[in-house]
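K.L.:
Single-letter residue listing:
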Amino acid sequence: MEFQSTAPMEEKTSSSSSDDTNPCPICLGPIIQPSYLDKCFHKFCYNCIVQWTKVVSGKHSCTLSSIKCPLCKTESSSIIHGLDGHYFQRHYVDRDFQDSFILSKAHKYRLQCYYTEPGFLDDIFNVKRYWKLRKYLQANQWLEVWLKRELQALIQEKDVDIIMHHLLGLINSFCSRNEPRYQTETPELKRERFSRRILDAAKPFLSARADRFVLELELFLVSGLNIEAYDSVYLQRLGWNEPVMPSVAIKEDLGLKPVIPYLYIFEYDPDDGD
Amino acid sequence: MQASRARLFKEYKEVQREKVADPDIQLVCDDSNIFKWTALIKGPSETPFEGGVFQLAFSVPEQYPLQPPQVRFLTKIFHPNVHFKTGEICLDILKNAWSPAWTLQSVCRAIIALMAHPEPDSPLNCDSGNLLRSGDVRGYQSMAKMYTRLAAMPKKG
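These protein sequences, in sequence, are chains A and B. Read in order, the letters of the first sequence are residues 20 to 293 in our numbering. Read in order, the letters of the second sequence are residues 276 to 432 in our numbering.
These are computed hints drawn from the structure, not numbers from a lab. Wrong hints could be hidden among the right ones.
[Unchecked claim] Derived SDA-like pairs: lysine to any residue, alpha-carbon spacing no greater than 20 Å straight-line: (1) Lys-78(A) with Lys-370(B); (2) Lys-78(A) with Glu-337(B); (3) Lys-317(B) with Ala-385(B); (4) Lys-151(A) with Gly-243(A); (5) Lys-370(B) with Gln-345(B); (6) Lys-92(A) with Ala-372(B); (7) Lys-87(A) with Leu-369(B); (8) Lys-124(A) with Gly-138(A); (9) Lys-288(B) with Gly-48(A); (10) Lys-92(A) with Leu-369(B); (11) Lys-73(A) with Gln-338(B); (12) Lys-317(B) with Gln-338(B); (13) Lys-73(A) with Lys-370(B); (14) Lys-370(B) with Lys-151(A); (15) Lys-92(A) with Gln-342(B).
[Unchecked claim] To spell it out: a stretch of chain A is covered by chain B in this simulated footprint if at least three of its residues, at any positions, have a beta carbon under 8 Å from a beta carbon of chain B; those stretches are: (16) 44–55; (17) 61–74.
Being a predicted model, the structure only gives us computed values, none of them experimental. Glycine included, each C-beta is placed from N, C-alpha and C at the ideal position.
So that you can see chain A by itself, here it is in the shape it has in the complex (with noise of 0.2 Å):
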């Protein structure tokens, strides 16, 4: 009896919630690209709260942290935008909207890669094989700017040098130095050995997707490719190899990003404890 008085009651609240003819409350039209204040998760289209975002830091000398819901005076720190099921884009009240980051392609793509099965590259990427034949003594030149671009991708925010190179001296220094001191470790010590220093690296940063960030990263050292061909075989497993992700768009993307030297950033490193 309890199912049947419920059923309708969730049918009612499931086709309100979906019921899109709800206008924008600010320009009265129907809602494009949908937007949601971070807290009272308020819908407007894009560029109406974007440009009243504009209009009320406007008035203020400094900067503003947050912005008051034009509905509820809720105060949001962001602007939720570009949901589409499986990722969305934010943009932060206090940062310039014409600076912000936008995520190219390649940076999508790899964004969904997080929302993926781990695993379902093992049979072509050997991970066991890599640690026993100690492959990592090779150096993977093009380590530096897949990181960039992972890092990117889930971060959200165009500089991440600091980052990317703290944690490229870590992998640099963990693969390059055989101590004698761990001569004798087994290949899987010395595998989880590494993926407990990323981790702990990346976790201040990457939070809940450190993780899979460490087997993502373990995953393209192993490969031992150069991005244009680890991502070809990405995408062709994961099926979304469709013409839309020609490789000359990748190469456009990744190509031409001037390579900085950080290096005095290791002198402050707070977590250089060995």
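For chain A, the structure is supplied; the task is to place chain B on it using the hints.
P.N.:
For chain B alone, kept in the frame of chain A given last:
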């Protein structure tokens, strides 16, 4: 410019649809200029403005709804937050507290609410504000009622 026009046009359609729903407010758009509106609002009951009909003039900026509309009373009114000569209205939502979610219709409702609940501590009409602040509610009400009769009611004979 285009955005404000589109939005005002939407409001115009909404006003036509809602006419029956809110009989206290009658919003009319200027025949030739969608940025000029007038409204007739009924004085709220159990206030000195009861029975009066007050005319408001709206001037909508091109940045609307990012900027608030300018509203003033065309009908003379004795109220602490309305300038006695110019009809200017002191209301937070028309200034700092403006939100683009307000519409001309809801601004009218806010003005009706202001008529019923004056704020004597931020007066534009000091005489009216001082009467209320000194606790002379009767004096305030009779003055307000007199001006409602003089200016906001149809003249008899």
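K.L.:
Next, verify each hint and record whether it holds.
P.N.:
Hint by hint, here is what the structure shows:
no. : hint                       : result
1   : Lys-78(A) with Lys-370(B)  : holds (12 Å)
2   : Lys-78(A) with Glu-337(B)  : holds (18 Å)
3   : Lys-317(B) with Ala-385(B) : holds (13 Å)
4   : Lys-151(A) with Gly-243(A) : holds (15 Å)
5   : Lys-370(B) with Gln-345(B) : holds (9 Å)
6   : Lys-92(A) with Ala-372(B)  : holds (10 Å)
7   : Lys-87(A) with Leu-369(B)  : holds (16 Å)
8   : Lys-124(A) with Gly-138(A) : violated (23 Å)
9   : Lys-288(B) with Gly-48(A)  : holds (12 Å)
10  : Lys-92(A) with Leu-369(B)  : holds (16 Å)
11  : Lys-73(A) with Gln-338(B)  : holds (13 Å)
12  : Lys-317(B) with Gln-338(B) : violated (29 Å)
13  : Lys-73(A) with Lys-370(B)  : holds (17 Å)
14  : Lys-370(B) with Lys-151(A) : violated (71 Å)
15  : Lys-92(A) with Gln-342(B)  : holds (17 Å)
16  : 44–55                      : holds (count 5)
17  : 61–74                      : holds (count 4)
Checked against the numbered hints above, the structure violates hints 8, 12 and 14; every other hint is satisfied.
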